[in-house]
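Enquirer: With these hints in hand, go ahead and build the complete structure from the sequences.
Number of protein chains: 4
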Amino acid sequence: MQGTSGPSVKVGIVGASGYTGAELLRLLSIHPNATVTYLTSRQFRGKQVKEIFPHLIRSPFEELSFDEFNPERAVELCDVVFCCLPHRASFPAVKALMEASSKVKVIDFSADFRFNSFETYESVYGVEHGARELFKEAVYGLPELFREQIKRSRLVANPGCYPTSAILALYPAVEAGAVDTDHPVVVDSKSGVSGAGRKESVTFTFCEVNEDFRAYSVDGHRHGPEIAEKLGLKSVRFTPHLVPMNRGILTTAYFKTELSKEELQHLYENRYKGEFFVRVRTSPPRTHDVAGTNFCDIYVTKDKESGLAVVVSAIDNLGKGASSQAVQNMNLMFGLPEEAGLKLFSLWI
Amino acid sequence: MQGTSGPSVKVGIVGASGYTGAELLRLLSIHPNATVTYLTSRQFRGKQVKEIFPHLIRSPFEELSFDEFNPERAVELCDVVFCCLPHRASFPAVKALMEASSKVKVIDFSADFRFNSFETYESVYGVEHGARELFKEAVYGLPELFREQIKRSRLVANPGCYPTSAILALYPAVEAGAVDTDHPVVVDSKSGVSGAGRKESVTFTFCEVNEDFRAYSVDGHRHGPEIAEKLGLKSVRFTPHLVPMNRGILTTAYFKTELSKEELQHLYENRYKGEFFVRVRTSPPRTHDVAGTNFCDIYVTKDKESGLAVVVSAIDNLGKGASSQAVQNMNLMFGLPEEAGLKLFSLWI
Amino acid sequence: MQGTSGPSVKVGIVGASGYTGAELLRLLSIHPNATVTYLTSRQFRGKQVKEIFPHLIRSPFEELSFDEFNPERAVELCDVVFCCLPHRASFPAVKALMEASSKVKVIDFSADFRFNSFETYESVYGVEHGARELFKEAVYGLPELFREQIKRSRLVANPGCYPTSAILALYPAVEAGAVDTDHPVVVDSKSGVSGAGRKESVTFTFCEVNEDFRAYSVDGHRHGPEIAEKLGLKSVRFTPHLVPMNRGILTTAYFKTELSKEELQHLYENRYKGEFFVRVRTSPPRTHDVAGTNFCDIYVTKDKESGLAVVVSAIDNLGKGASSQAVQNMNLMFGLPEEAGLKLFSLWI
Amino acid sequence: MQGTSGPSVKVGIVGASGYTGAELLRLLSIHPNATVTYLTSRQFRGKQVKEIFPHLIRSPFEELSFDEFNPERAVELCDVVFCCLPHRASFPAVKALMEASSKVKVIDFSADFRFNSFETYESVYGVEHGARELFKEAVYGLPELFREQIKRSRLVANPGCYPTSAILALYPAVEAGAVDTDHPVVVDSKSGVSGAGRKESVTFTFCEVNEDFRAYSVDGHRHGPEIAEKLGLKSVRFTPHLVPMNRGILTTAYFKTELSKEELQHLYENRYKGEFFVRVRTSPPRTHDVAGTNFCDIYVTKDKESGLAVVVSAIDNLGKGASSQAVQNMNLMFGLPEEAGLKLFSLWI
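Heads up: the sequence lines are chains D, F, G and W, in that order.
Just so you know, full-length UniProt numbering puts 268 at position 268 of the first sequence, and the rest follows in order with no gaps.
Just so you know, full-length UniProt numbering puts 247 at position 247 of the second sequence, and the rest follows in order with no gaps.
Just so you know, full-length UniProt numbering puts 17 at position 17 of the third sequence, and the rest follows in order with no gaps.
Just so you know, full-length UniProt numbering puts 223 at position 223 of the fourth sequence, and the rest follows in order with no gaps.
Because the hints were derived from the structure by calculation, they are not lab data.
Check each hint, because a few of them may be wrong.
As the list claims (entries may be wrong) - DSBU-like, lysine-lysine: derived pairs with alpha carbons at most 30 angstroms apart:
1. D:Lys261 - W:Lys10
2. G:Lys304 - W:Lys47
3. D:Lys199 - G:Lys47
4. D:Lys10 - D:Lys50
5. F:Lys273 - F:Lys302
6. D:Lys50 - W:Lys302
7. G:Lys304 - F:Lys343
Unchecked claim - Chain F residues, not near chain D, derived (Cβ > 10 angstroms throughout):
8. Leu64
9. Gly197
10. Ser260
Quantities reported herein were computed from a predicted structural model and do not represent experimental measurements.
From the three backbone atoms N, C-alpha and C, an ideal C-beta is built for every residue, glycine too.
Expert: Shown next, in the form of structure tokens:
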């Protein structure tokens, strides 16, 4: 099946009872080289997986209990820890883990280590960073851009869901110098609701989201600077929208270019040739093509009258936008086949 | 209630069994100055309204039957005919109606009379127009732009749903000369599924649309030229998307401008002051705010770093994007209060 | 239009910021004989309607502010108060209102006055009732069963949404003695999510409900005894389910009977002849036929092999199951045409 | 991973472009002991998998083409053929396959071989059966009831989706003689839309299903007799409903019994002990717990007042209700581990 069965990586998940944690558990339940050994959840402390997630009854870890986070215990039980805490809550946990052991590896789902410098983080997130010294070790976990660094890293900052969809959509053109930066780059993204996480809220109750479509953070969203920094652009105009569906991000990106449709198509195919998880398509992708998977599907075309390139990319925000990308990073960090446990296809409908 | 009760306009609907027809029936059932007297449907010919639309049992016209279209009978029974046929099928019907009587008024839902000239129509739609002579009479039925012409017109071309949302979002800035046309104007629109009409189809079956978000017509959509023409722009980049919901269009529009957020907000408020159906908002609108209504809600802001104005507009594609806008046009054409029968608020949830 | 314009009833809503309150505001905005004069909301105290409900900008009461509940002020400003508080929270408010004035009328949305006796209430809801003396005044607000009592009442207990759908589905057969009570009566109901109210919650967030269908309260739900009491049955087996949609209840009810399909159909048509808001149908109703309306649509048939009658009824849980039924009750209590403001048809799609 | 890698079964799918075919492809793409060698589709004949199902780009069979059905070619290329045709269309194909080779095994998704006798089939489906002689070979493919017969069979009739959910919900009680058959057995089932298949249709377009809940076939559905026959009951009252979601069936079943809740729970746990794919739960299951999987989750309780047992069961109609159950049958027929390729857990959200 998926990867050869071999020595198993011992995996812990901190903050395991949210959507990204549950998605990790689903993926790890069929990973040939991983064993889940440690789970934390403040809210469900002492409960077993099968009590909180009855859909995981019969899984290998159905009787594992959620603990309160304890860094010493974590590093004793784990080769790698996925840290699924919100930004600001994450850096102390990451720091504690890395101080508790010089061997444990950490894949952080928050924004806390995604920027190149703590200064940018502090300016964008408006808080002081309490683990500034770790920035020099952190690698941005987008394998299609930073594969070699990820392989050697102990601390991977798993990218944001929107940035994953936007960066993969724009990088080939940026890298090739094909973006005319005298004109703004527009990233218009649309996300399913699971991107908002699992929390008590009126805003995201069914009735408020169903049969509705909205833009939000129209006056500024923190993923804008993350996208711009990784692309080396001065700025991008980024607008997120909320789609009444559970999973998926579709990004429509616009930039001025001299290249023709054919040249763009060629450029993208070339750049992603050999990338198993990026599928450059000949027709616009749909989010249901990638739901539940680690794929990023991309279509690129040219609007002749305006001179704009139009790129459409689709990912699963919990997949390539979070948990399966984290597993891809784990595979790289442990020398496993990059696709191990990830050759899964969408439910489609 | 809604408008004063007075002499009643006799209304016919050609192609009454689709979504726009059903929405007209819903609206006309509570209109104080309209009586439905004539309905056609090829598919349901001979059937009564209550058989085909059981949700309209108890309505004033529940026992009215669907006829096959007959222009003589139509003009005999009606003061105004709403023509809800697809483009290309519409112009022969419109022509027949207008030839059968010099008094009947026609509100056409198709694209057949929306352009300023038949040449543009023929180029965009790729067919020869069989009623070229009617172009000089036709008025584009967007009351916020063409109110006085509509009042005097016998033939109103009801705007497309996407163009309504885009034009209202951009017009104040265009009119004021605030759009820097050295940069492309981007219109990124997202529509509910009823925009596709009521027809046999695999593409729009529930399972193919639900839990999916997609872009379509990425290489060109006919509403692009309609938007550009009405705004007097050389071109706009227009990308439509399909949202898994029944009703609603949200448009996010981008253009380069010198104006600040405050100036833009002021400009829009001023332009639409006195327009009952345009609500310039201080927070981004959501489609559920306008579903089932004739409102267009608008929010405008400025992205300082890119220099782009960002405008978000929300309409109901079957409301302001089709049937209720048609009723607004009817009200104007017959000297009724413009809001008659239309002071309805969204179900919201 | 809907009812003749005449003297206006002054209306207050206590707990106006939830879903039933918002639905009342939508309905009252087009009611020819009602003026909203008083609104309370603890959460949004001091805010105007247009700030909290931007979909109601341009409504007659857009600038009315939400107050903290004050019974003296309420009775001063109102002829009738709709009390939209949860059970247990409602009876003190109702009591305070009725003590503050001997003239004000109250329509209570909670369960607090629905049972025939406080003893049943206390047993089913497990709390002591602090306004036991009001039971003798309270009338169960199902006009099709208790019209005359409602007309004379000062305190109407608006029925539960499930009970409305179940009682209307079963009453004609029960009343005619056609139910074989040696066999259980089964009420299998399915509700949209708005029935759960507007509150912070993980259980009802979009992702937890969407693409899911569940039964709940399978071991007992408080609407079971309410249904049984009003039908005069010893018990009914009631199972509620949650449907991933905003509005609507569909109830499928089963009872053993000697009657044939034709006899059942005849019985139901006869019983509801003259009831504007009950439509006995010749094909099974769907919730979209009644969404946003005060209709209850019913279909009855017979399963020959099992000897069971099968009744399917559809209502909007926020309409006939709550707010529009409350308006129907108000109309009766104030001598207005029963249909005033309620001749609205479903958006359908 | 899932089952040991070993000699691979060569698999064909007839009618591979519908929903059950696509689900088989998804499942077989990760099955350790199966290779897809043959696909047919009249509609997409000559096209490759990756053209029709872009979500399967990168799968092992992405370049396999859809053929027109040819029984000789099928048996040459396949050890087993999944026949995903509608009833009536299926029996000729099954017959042709079994005549073309005495070794090929067939798993039929239609109703054509589900009944014990062709007489019942002909009476329920109202057509003459053209392959009556195959009935003696056909086994009903519900492993939890007919495991040993399936292992020895060449022709398995894969059960209907509703019957799977109903039979598993009722069988333990029936088998134990705990159902009081003097009272009707009621099966009230609710299904996602994919159960209707992939076809051109107005009835199942998004707008007609979304925000709607309906009962259908209220006067009789063919799955009723299938359920009754397999349970050995004279009749069951079966009512299907349509839920606005893609996947999942929830069945609520009612029968009169002397047993207590505890006895029922014990009976069910005992009966399904050792069944990997049936999870007897201590709280009511939800369809999202089983979506995309082969699990059937069951909860049983007792309504004391009415004396009814209430059983709630949840399956994925395309999973345990169709394609994954077919794979389970294949595993049994070829001596593979029964869970091979099927230890997958729900996406959950």
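Enquirer: If you test the structure against every hint from before, which numbers come out violated?
Expert: 1, 2 and 7
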